[in-house]
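**Student:** My request is simple: use the sequences and hints to build the entire structure.
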Amino acid sequence: MSVFAKDFMWGGSVSSMQTEGGWNEGGKGLTTYDAQGTTRFGSDWKDAIDFYHRYKEDIALFAHMGFTAYRFSLSWARILPDGEGKVNEEGLRFYENVIDELLKYNIEPVICLYHFDMPLSLQKNYGGWSGRQTLDGFKKYVETVIRRFGTKVKYYIPFNEQNAASLVTLLQLPPDTPQEEKNRLLAVSTHHMFLASASVWHLARQYAPHAKVGGMVNFIPFYPATCKPEDVMAARRAGRSYNYRTLDVFVYGEYPSDMLNEWKAAGITPPMEPGDLEYLRQAKMDFLAHSYYMSLTVKDEGDSKGNFNLLQAFQNPPKNQYLQQTQWGWTIDPIGLRLTVKDIYERYHLPVFTIECGIGVDETLNEEGTIEDDYRINYFREHLEQLKLAVSEDSVNLMGFLTW
1 MSVFAKDFMW GGSVSSMQTE GGWNEGGKGL TTYDAQGTTR FGSDWKDAID
51 FYHRYKEDIA LFAHMGFTAY RFSLSWARIL PDGEGKVNEE GLRFYENVID
101 ELLKYNIEPV ICLYHFDMPL SLQKNYGGWS GRQTLDGFKK YVETVIRRFG
151 TKVKYYIPFN EQNAASLVTL LQLPPDTPQE EKNRLLAVST HHMFLASASV
201 WHLARQYAPH AKVGGMVNFI PFYPATCKPE DVMAARRAGR SYNYRTLDVF
251 VYGEYPSDML NEWKAAGITP PMEPGDLEYL RQAKMDFLAH SYYMSLTVKD
301 EGDSKGNFNL LQAFQNPPKN QYLQQTQWGW TIDPIGLRLT VKDIYERYHL
351 PVFTIECGIG VDETLNEEGT IEDDYRINYF REHLEQLKLA VSEDSVNLMG
401 FLTW
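Quick note: the sequence shown, position 197, residue 197 per this note's numbering, numbers continuous.
Be aware that one or more of the hints could be misleading.
Cross-link-like lysine-lysine pairs, in silico, DSSO-like; alpha carbons within 30 Å at most [as the list claims (entries may be wrong)]:
hint : residue 1 : residue 2
1    : Lys-299   : Lys-182
2    : Lys-212   : Lys-342
3    : Lys-86    : Lys-6
4    : Lys-264   : Lys-124
5    : Lys-212   : Lys-104
6    : Lys-299   : Lys-342
7    : Lys-139   : Lys-152
8    : Lys-264   : Lys-154
9    : Lys-182   : Lys-56
Note that these hints are calculated values from the structure, not bench results.
Please read these numbers as outputs of a predicted model, since none were measured by experiment.
**Tutor:** Here's what the structure looks like:
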């Protein structure tokens with residue numbers, strides 16, 4: 001007998017720009033990804049896996065694999081080409097067709113409304129999430145989606161990895177932007193994103209009261225490099241800064257005091273309009289979603305202020321001798337996944353949904369044109385064994401497991 005509930009959701013997760021293709025078809029507007037051009041790996045975002053044209057055969061394969069849920073993101077610019085103006089009916093119809101195809105196979109659509117692909121016009125005109133006007137465009141987009149899809153969609157994720165999404169906005173800035181200005185724009189963007197996330201909850205309550213809205217983070221367990229108290233404190237500060245601040249806002253509807261104090265000390269408290277904080281306070285998430293790929297080991301760097309920089313933490317982390325690593329230097333830590341869902345559930349007492357987990361490997365095809373990935377099978381087996389323990393021994397209310 002499985003320890004997972006009968007309605008436990010099994011499946012996969014994707015983003016629009018990494019799967020759809022059709023970048024200039026069906027009335028879609030340009031996004032910041034379309035403007036990036038070719039990546040350092042020699043690919044661009046124009047074709048991807050051509051889901052835009054082949055979604056029916058892809059979804060049939062999902063059903064053959066046993067999917068009961070599929071989490072995918074919508075391209076904001078496919079629905080509102082300029083991010084804020086006229087609605088593109090052809091784009092809406094495409095996504096509704098995808099949803100109908102999923103439901104035909106009894107696959108639950110789980111919709112992510114923003115996965116880093118900002119409409120290019122909003123980035124150019126308002127600076128993306130640093131402009132309050134972008135929030136207005138997002139609300140129109142979300143209302144359009146929720147009203148159109150109605151009872152067909154039961155689960156919405158406002159932002160992919162919201163604790164990382166604000167950091168992604170910094171990538172759109174000129175390289176010579178002063179650090180002080182980066183910090184200010186990061187704080188402003190963070191506030192606007194939380195308001196945007198709250199708007200999904202409010203609009204769902206108004207137009208689709210059956211739907212559940214879940215805030216998502218990229219969760220990283222941080223281990224101290226040694227038992228030295230300063231290293232333990234550094235690990236706790238990292239977890240607090242990266243994981244829990246965002247989750248706190250999702251659950252309690254207010255900014256934690258350490259976050260407000262940090263903004264105030266740096267002189268970067270974002271402008272807030274009357275009603276903003278009450279708007280946040282009302283919107284408390286129905287469940288908590290997360291991605292999980294690795295744990296990180298941290299050591300004390302002498303920063304008593306508690307500041308944490310994820311990019312720096314990635315660059316040269318202390319090696320964890322008890323864990324294997326991928327070729328990219330990411331730790332393989334199945335127990336870290338159990339710690340993640342256990343920690344989230346015990347802190348917040350809301351259902352937990354693991355909606356991204358996976359391993360990246362530089363792979364080549366064999367003579368038969370397939371990939372022998374026993375290592376991936378083992379990876380998932382070991383992580384799922386830990387989730388079974390989280391449910392059976394730790395009593396975690398786990399909604400599902402979706403691979404990336």
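**Student:** Confirm or reject each hint.
**Tutor:** Right, here's what the structure says about each hint:
1. Lys-299 x Lys-182: holds, 25 Å
2. Lys-212 x Lys-342: Cα-Cα ~21 Å, so holds.
3. Lys-86 x Lys-6: violated, 42 Å
4. Lys-264 x Lys-124: holds, 29 Å
5. Lys-212 x Lys-104: holds, 21 Å
6. Lys-299 x Lys-342: holds, 24 Å
7. Lys-139 x Lys-152: holds, 20 Å
8. Lys-264 x Lys-154: Between Lys-264 and Lys-154 the Cα gap is close to 39 Å, so the pair fails against 30 Å, i.e. violated.
9. Lys-182 x Lys-56: Not satisfied, since the Cα-Cα distance of roughly 43 Å exceeds 30 Å.
Figure legend: structure checked against the earlier numbered hints; hints not met, in rising order: 3, 8, 9.
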